[in-house]
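Undergrad: Using mature numbering (1 follows the signal peptide of the UniProt record, and there is no 0), the letters of the sequence shown map in sequence onto residues -19 to -1, 1 to 405.
For the record, the hints were derived by calculation from the structure and aren't laboratory data. Be a bit skeptical, because a hint or two may be false.
Below, computed lysine to any residue pairings styled on SDA-like, alpha-carbon distance capped at 25 angstroms [stated by the list, open to error]:
1. K26 x N44
2. K26 x A107
3. K143 x R360
4. K12 x T90
5. K362 x E139
6. K307 x R255
7. K383 x D142
8. K307 x E254
9. K143 x L164
10. K362 x A380
11. K143 x D24
12. K12 x G87
13. K12 x N36
14. K307 x N44
15. K362 x V348
16. K307 x C372
17. K26 x Q57
Simulated DEER-style distance windows between Cβ atoms [stated by the list, open to error]:
18. L281 x A172: 34 to 42 angstroms
19. T33 x I338: 46 to 54 angstroms
20. A377 x Y222: 49 to 57 angstroms
21. D19 x V68: 21 to 29 angstroms
22. V68 x N36: 35 to 43 angstroms
23. D19 x M224: 22 to 30 angstroms
Idealized CB from N, CA, C, for every residue including glycine.
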Amino acid sequence: MERTMALVTTLATLTLVLAVGGELVTTHDQKANQCCQDGYLVDGKQQRCLRTDGNYTTAMHLNCSHSYMIFREIEQEVYVDETGSLVDGEFRIQRSDYCAAHTQEGEGTQPVFVVCFNVVNMETIATMLVSKGIMMLISVFFLLVTLYIYYIIPDLRETQDKVTSAAVASLAVFMFLLSLIQLWVSLTHTAFCTVIAFLMYFFLISYFAWLNMVMANVWKLTVARRWKIRERSWYVLNHIYAMTVAVTLTTMVYIYHNRYPTLGEISCWFRTEREQSYFVYLPLSVMLSINIFLFVWTSLHLHASGDDLSPDRKKSLRYKCMLYLKLFLLSGLIWIFEILSFHMSEGLVPQSWFWIIVDAINCLHGVLIFFVLIVWRQRIKRELANRWVFCFRAPARWAELKDDEQEHLHEEGRDTGKYDLIIK
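Could you put together the complete structure from these sequences and hints?
TA: And the structure:
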């Protein structure tokens, strides 16, 4: 997501602000070339020097046909180093490819850097945005197919299935909205941009909150199986947790946005990395840590349990624990690779096949989830045997597949072949 937001921002703000928060750094401003002579301001729209009385313009002292402006009061981590190069995070811009100036902002002026950019590179970015948008729509399609299959199979109606479906639905909405702002960059500076940003944030947080409940259900049936609670009450608690987390964090962002406008200001996402760290990285890291904690606790309990569980039940629980661990790891690792791909790859356009493949996998997240929850589960294939799914009929031979999720609880007096109706 991080790289994607950066790509959209760059394409949509070629002559506007490129904002990334940070601390103000002491710079060697005197070594930077000046865009204009004394008494002139940069006109951001015309990319020319405008005399302060507004009666005369001249060309900037910058030898390039395309440029964009960086507002220094917003992007405070951008500075001029001792060699005269402009430093923007991992990027260094040569002295001949930028200049310093002031521009009119309301009734006052703002210090800016005017930076040249490569049109060919921007065309590459535009191509990547379209490619990513298409791949995300493919992911959305497979997520919707996953939800449809969960819907048509009668046995997938228990709490674990509903919680998993809620997580998949949240991810589908998030990826659909993200694909919109990649395929239609013109949405970036419209009234819809802020609305889309809030919706994207809400469904992203919802997705990871529901993943918490996915693992919590495995924990409940394994570690807290003697906890007597009605299934309906437990289902309601799942909803209360997921909705409370998503609504609370979204409300916090809304309050912050009203005081310090951030969403939709530069792109359809947060304005600075600092804000992303507080409102995205921090809560998602906490929720991923909760899942790790629940998985380790559940795994240790299964390993240590002796005669408390029948061999068949223990085998079934281990299978299900590993199934949802795959779902959790898939989401967690993809999110980690999103961050790494943005911070470690060379610029906004990947320069190696490794990062191109990583970006493609990130965009096809939904396809991978489809394989984990549907294709690689023998039980789902058995349930789909001889059924019509859209225009395709599932092979009848699938009914003979071995069901690794089936458990035979002889010791508990249940009939052979019954499923555990709490964890599916």
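Undergrad: Hints broken by the structure, by number, lowest first?
TA: 6, 8, 9, 11, 12, 13, 14, 16, 18, 20 and 23
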